[in-house]
Amino acid sequence: MASVSMTVNGKAVAGDVEARTLLVQFLRENLRLTGTHVGCDTSQCGACVVHIDGIAVKACTTLALQCEGAKVTTIEGLAEPNGPLHPMQEAFREHHGLQCGFCTPGMIMAALDIVRRHGNELDERIIREQLDGNICRCTGYHNIVKAIAAGAKAMAKGGARQAAE
Amino acid sequence: MSATGIGAAVRRKEDLRFITGRGQYTDDVIRPRETRAVFVRSPHAHAKIKGIDTNAAKKLPGVLAVLTGAELANDKIGNLICGWMIHSKDGTPMKMAPHPALAVGKVNHQGDAVAVVIAETQVQGRDAAEKIKVDYEPLPAVTDPAKARSGPQIHDLAPKNTIYEWSLGDAKAVDAAFASAKHVTKLDIVNNRLVPNAIEPRAALAEYDAGTDQLTLWNTTQNPHVSRLVIAAFVGMAPEHKLRVIAPDVGGGFGSKIFIYPEEVVCLWAARKVGRPVRWTADRSESFVTDAHGRDHVTHAELALDANGKILAMRVKTVANLGAYMSTFSSSVPTYLYATLLSGQYDIPQIYCEVDAVYTNTVPVDAYRGAGRPEATFVVERLVEVAARQMGIDPADLRKRNFVKSFPHQTPVIMAYDAGDYNASLKKALELADVKGFNKRKREASRHNKLRGLGYSTYIEACGIAPSQAVGSLGCGVGLWESAEVRVNPTGSVEVLTGTHAHGQGHETTFAQLVSERLGIPFENVSIVHGDTDKVQFGMGTYGSRSGAVGMSAIVKALDKIEAKAKKVAAHMLEAAEGDIVFKDGKFTVAGTDKSAAWGDVALNAYIAHKFAGQELEPGLKETSFYDPTNFTFPAGCHICEVEIDRETGKTEIVNWTAVDDFGTVVNPMIVEGQVHGGIAQGIGQALLEGAVYDNDGQLVTGSLMDYCMPHAHDLPSFQVGLTETKAPSNPLGIKGCGEAGAIAAPAAVINAITDAIGSENITMPATAQAVWAALKHAQPRQAA
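Protein chains in written order, with my numbering: chain A, 745 to 909; chain B, 58 to 842.
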């Protein structure tokens, strides 16, 4: 066992973990932040996407110990409980970009990273290409693409305010 | 139509928890002192178990128990079952082999569970599982359904691995029609095996309370009551009233989470044995070798037509692979959910279908989105499209000549279509898809060395399963009605407890739309409760596109009763005759006067009961309905797929997808479109990308998301979706259902388009770039007209 400490959603956290503990396990089991999901074991599905120091990373392929001293943001960190939603979250609801919801946290976190890298005016082609690391079985992606384009635009209007920034 | 009533694109109530990461999926539920189950699974497709040595494993730190099939049998835990009896042509019942939750004596597919470790942590469980020594004697395996009958026998009671040899229709009449036909089209078709891969893996969390002798199971199930009944009464785990099953948020099902699986049985049993909660969540690679697979048919089909392209008859012979064991509904999928739809949208006088179901050393096969209807639609729509090409008739035209035009229409395969207008959806689809401009687009594409093709799929399905008497007479062990309980609270808000279950379909929203509109109360004041056998009375769950047609009909019937009772309460309050009370827009009025009472006051009075207790009216305002549909419903439509194929690489790009569907009454068009999108995506996945592949040793080589090609966003186009409407006559709202339509229609549309583009029918699914490129080498692509 080794100890690890990091900031998650703006709060300092620490824990004792085995070396082989994945970040997603640390989040879900040690911190009880169950919004980050596990959907596969080969890093394909993207349900586990979080942000580490501002960059999208798959938490299933990161060891907790690798995050020593890092700033981690999960889906729970995008909005205060009972506070206003992040414009990307709102966009997913407005455009029916989710059905069962299981891929959704990872989708939203990946979407924010697409905006970070490609800006607020995203066309269909770039969104579809950039979602290569996220699988949805329910929606056929049609409304996810619409949601991300709309969310990106809404973020440009000054609505963006990431809670853990 | 109000802003939140039937027909409104209301945004979903359930979204808030999902977009903020506050969903409660089975793996998110936390119980005190929980332990983990790690299964040991056969690496062999077929083998005898000579012995299992668990001694080393038991000694490892954190291990509470190591259990095998022998202990399970000793504790008198029964086998899993298939609940739909199918008889062969000679009257013999299907050969249902024993399916214990942990294998005894032999293993029959790669992934078959032989032992389980119960440990404090997942890693301790894994470490212990690695120390279990199973002495296998491998046996030859067979995985191909076409070879099953000459392969090594898997189960003693099923010679030639044959489960049943079933048929439907009049063979002699079909033969006579073929003899008189001007044209016969013949096709050999493989409907490729699929892995459902809902993004949430299956999971079970079982807990035993020794103080009350009560078992609780949290499970990723689409039908908690059915699971409870099977596990209690058939597996014999506990008396039904001592078992609670909770399906919390479930991350997609598509059929794969209907069935009762070994893992939840083992977790329940182990929880009682070790006296602590036992949790299991599948790894994705575990899902691949345990979740029921879909499809896997080998078919020879023939269509007989007269000189004018009028269809005279169809005959179909299918071998259906059911895998190593018969899963819960497996027997029905290639029989009553398949052959009964072979008439398609057409008036076909005679049809004969034979289905042989076989065991192989593969993962069990059962219903997967569409369940038999994608297989039927693929056969029908390929036959019709190829017949059109062979006879030189425009494929849309050939369809129009054969559409059923008057209703009700009795097909020769049991189903009686009650309402539809197939011309209307075809016409609208032709316009939206700009079929007129296709040839121009084709010529333009060929200038860039690309091949364009157009494919139709005019599908029909039988949904809203199902009238209990009908399915009972066909061998189904359960009725397929649905239940609803409407509870009005004293403060006027309403809870609806439904026996259906939502795993993405948005029932918390659509059901609330219905109730809100009917009772004239705000949408926010209606809650929908599902998924807990302690809260909700028996219901059959969600699959077969039934929650709207059957589930909402049960709610309507309960609302009828609520309205009737509320009027009685209002009559007492307003001192009027019950027959003079009118209920409209949330208000009860004495007809012809301005005396009225608001919904909220009536609700409160129902519970205060000052004005009528002790008389003939009971206090309270809560009503139940168990609704049995009078018929299946028959959603139908027309999908048109336009593809562009790169000659150099064989890669297929879908450049346009048009869907025009008739779902009867649409409660929430946004949700309905979402269902269509998702279904089409799965259908395109089947046609272009997906396919579960076994090697000669019975190893699933497509055993992870790296090897099994799931559709990604860049594999799919955006979809053009339209609607026509003929209401379903068989339920009060006129709903037909929409959940499976896309998956049913799509594969035929894609393959019809690709074969049109390359001028060869020699394409099997998935039509990968390599397959298309190879077919192109031997093909004569048609020139644009």
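Treat the hints with care, since some could be wrong.
Between beta-carbon pairs, the in silico distance windows are [to be verified]:
| id | chain 1 | residue 1 | chain 2 | residue 2 | range |
| --- | --- | --- | --- | --- | --- |
| 1 | B | Leu73 | A | Ala756 | 25 to 33 Å |
| 2 | B | Pro197 | A | Met745 | 34 to 42 Å |
| 3 | B | Arg90 | A | Met745 | 18 to 26 Å |
30 Å max Cα-Cα, derived DSS-like pairs, lysine-lysine [to be verified]:
| id | chain 1 | residue 1 | chain 2 | residue 2 |
| --- | --- | --- | --- | --- |
| 4 | B | Lys116 | B | Lys146 |
| 5 | B | Lys679 | B | Lys70 |
| 6 | A | Lys897 | A | Lys815 |
| 7 | A | Lys901 | B | Lys190 |
| 8 | B | Lys217 | B | Lys239 |
| 9 | B | Lys618 | B | Lys70 |
| 10 | A | Lys890 | B | Lys485 |
| 11 | B | Lys592 | B | Lys622 |
| 12 | B | Lys70 | B | Lys708 |
| 13 | A | Lys890 | B | Lys834 |
| 14 | B | Lys239 | B | Lys374 |
| 15 | B | Lys115 | B | Lys217 |
| 16 | B | Lys618 | A | Lys890 |
| 17 | B | Lys188 | B | Lys367 |
| 18 | B | Lys679 | B | Lys652 |
| 19 | A | Lys897 | B | Lys70 |
| 20 | A | Lys890 | B | Lys70 |
| 21 | B | Lys330 | B | Lys190 |
| 22 | B | Lys188 | B | Lys217 |
| 23 | B | Lys507 | A | Lys890 |
| 24 | A | Lys890 | A | Lys901 |
| 25 | B | Lys116 | B | Lys70 |
| 26 | B | Lys784 | B | Lys462 |
| 27 | B | Lys493 | A | Lys890 |
Derived contacts from chain A toward chain B, CB cut-off under 10 Å, selection only [unchecked claim]:
| id | residue |
| --- | --- |
| 28 | Phe836 |
| 29 | Glu873 |
| 30 | Gln874 |
| 31 | Leu875 |
Hints in this document: simulated from the structure, not taken from any laboratory.
Using N, Cα and C, we set each Cβ at its ideal position, and we do this for glycine too.
Cross-check of the supplied hints:
no.	hint	result
1	B:Leu73 / A:Ala756: 25 to 33 Å	28 Å, holds
2	B:Pro197 / A:Met745: 34 to 42 Å	47 Å, violated
3	B:Arg90 / A:Met745: 18 to 26 Å	21 Å, holds
4	B:Lys116 / B:Lys146	54 Å, violated
5	B:Lys679 / B:Lys70	23 Å, holds
6	A:Lys897 / A:Lys815	26 Å, holds
7	A:Lys901 / B:Lys190	62 Å, violated
8	B:Lys217 / B:Lys239	38 Å, violated
9	B:Lys618 / B:Lys70	26 Å, holds
10	A:Lys890 / B:Lys485	25 Å, holds
11	B:Lys592 / B:Lys622	23 Å, holds
12	B:Lys70 / B:Lys708	41 Å, violated
13	A:Lys890 / B:Lys834	39 Å, violated
14	B:Lys239 / B:Lys374	22 Å, holds
15	B:Lys115 / B:Lys217	40 Å, violated
16	B:Lys618 / A:Lys890	42 Å, violated
17	B:Lys188 / B:Lys367	66 Å, violated
18	B:Lys679 / B:Lys652	25 Å, holds
19	A:Lys897 / B:Lys70	24 Å, holds
20	A:Lys890 / B:Lys70	20 Å, holds
21	B:Lys330 / B:Lys190	23 Å, holds
22	B:Lys188 / B:Lys217	37 Å, violated
23	B:Lys507 / A:Lys890	29 Å, holds
24	A:Lys890 / A:Lys901	17 Å, holds
25	B:Lys116 / B:Lys70	50 Å, violated
26	B:Lys784 / B:Lys462	16 Å, holds
27	B:Lys493 / A:Lys890	29 Å, holds
28	Phe836	5 Å, holds
29	Glu873	5 Å, holds
30	Gln874	8 Å, holds
31	Leu875	4 Å, holds
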